[in-house]
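J.: Work out the full structure, taking the sequences as your base and the hints as a guide.
Single-letter residue listing:
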Amino acid sequence: GEDVEQSLFLSVREGDSSVINCTYTDSSSTYLYWYKQEPGAGLQLLTYIFSNMDMKQDQRLTVLLNKKDKHLSLRIADTQTGDSAIYFCAEPPSGSSNTGKLIFGQGTTLQVKP
Amino acid sequence: NAGVTQTPKFRILKIGQSMTLQCTQDMNHNYMYWYRQDPGMGLKLIYYSVGAGITDKGEVPNGYNVSRSTTEDFPLRLELAAPSQTSVYFCASSASRQRGGYEQYFGPGTRLTVT
Numbered sequence: 001g002e003d004v005e006q007s008l009f010l011s012v013r014e015g016d017s018s019v020i021n022c023t024y025t026d027s028s029s030t031y032l033y034w035y036k037q038e039p040g041a042g043l044q045l046l047t048y049i050f051s052n053m054d055m056k057q058d059q060r061l062t063v064l065l066n067k068k069d070k071h072l073s074l075r076i077a078d079t080q081t082g083d084s085a086i087y088f089c090a091e092p093p094s095g096s097s098n099t100g101k102l103i104f105g106q107g108t109t110l111q112v113k114p
Numbered sequence: 115n116a117g118v119t120q121t122p123k124f125r126i127l128k129i130g131q132s133m134t135l136q137c138t139q140d141m142n143h144n145y146m147y148w149y150r151q152d153p154g155m156g157l158k159l160i161y162y163s164v165g166a167g168i169t170d171k172g173e174v175p176n177g178y179n180v181s182r183s184t185t186e187d188f189p190l191r192l193e194l195a196a197p198s199q200t201s202v203y204f205c206a207s208s209a210s211r212q213r214g215g216y217e218q219y220f221g222p223g224t225r226l227t228v229t
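Taken in sequence, the protein lines are chains A and B.
Per the working numbering, the first sequence starts with residue 1, numbered consecutively.
Per the working numbering, the second sequence starts with residue 115, numbered consecutively.
Derived DSS-like pairs: lysine-lysine, alpha-carbon spacing no greater than 30 Å straight-line:
1. K68/A with K56/A
2. K113/A with K36/A
3. K56/A with K36/A
4. K56/A with K67/A
5. K68/A with K36/A
6. K171/B with K70/A
7. K158/B with K68/A
8. K158/B with K56/A
9. K128/B with K171/B
10. K158/B with K67/A
11. K158/B with K70/A
12. K158/B with K36/A
13. K36/A with K171/B
Label-pair restraints from in silico Cβ distances:
14. V19/A with S132/B: 37 to 47 Å
15. K56/A with P153/B: 26 to 36 Å
16. R60/A with A116/B: 21 to 31 Å
17. I126/B with N66/A: 38 to 48 Å
Source of the hints: derived by calculation from the structure; they are not laboratory data.
In this text, a Cβ means the ideal position worked out from N, Cα and C, and glycines have one as well.
T.: As structure tokens, this is what we get:
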């Protein structure tokens with residue numbers, strides 16, 4: 001079946017860069033997503049990338065997509081304590097057009113130390 | 115706009131009791147979803163709906179039921195609660211067509227404990 005895999009935990013120092021990695025299974029996905037979940041809250045869309053792009057930059061965020069290896073990464077530059085959260089990678093399951101469904105990874109907990 | 119609202123925020127149920135988790139969205143979204151989140155397991159889709167009167171099962175539907183009589187409301191019903199249903203439940207909604215694919219908007223969650 002389809003699966004989205006992420007490592008569970010990442011710890012960095014404030015001011016360093018963070019890189020969160022994700023592997024996915026459906027090579028036909030048109031969009032791939034990163035969501036952020038702050039403590040005690042629901043998920044919020046952080047950024048997304050269209051499958052015909054290799055890279056997308058949005059202020060401190062850089063998304064890299066390697067379609068050959070089905071690998072997605074999220075880089076946060078100059079990581080701040082406010083970036084401490086759980087980050088989820090997500091893709092639409094195959095054959096799910098017109099449903100809006102997403103498959104989420106397990107989530108990577110980012111801990112930022114002062 | 116309030117976005118997606120969920121009630122209650124917290125609930126403790128005894129084994130065998132029933133309850134309904136409420137979800138309402140005011141964005142006129144056609145698509146709505148119920149997820150459960152267990153530690154280290156990500157989100158699992160319980161049920162979803164592509165419009166009023168239409169619902170379908172997700173990955174983990176057993177022990178739950180839903181209805182969608184209006185565009186705004188998508189309640190989740192637990193009959194005969196079991197300890198395995200202890201989890202955090204999230205409702206989400208998305209528009210049927212938009213740039214950037216389907217952005218799902220999430221409610222704040224309901225933390226349910228079954229003892």
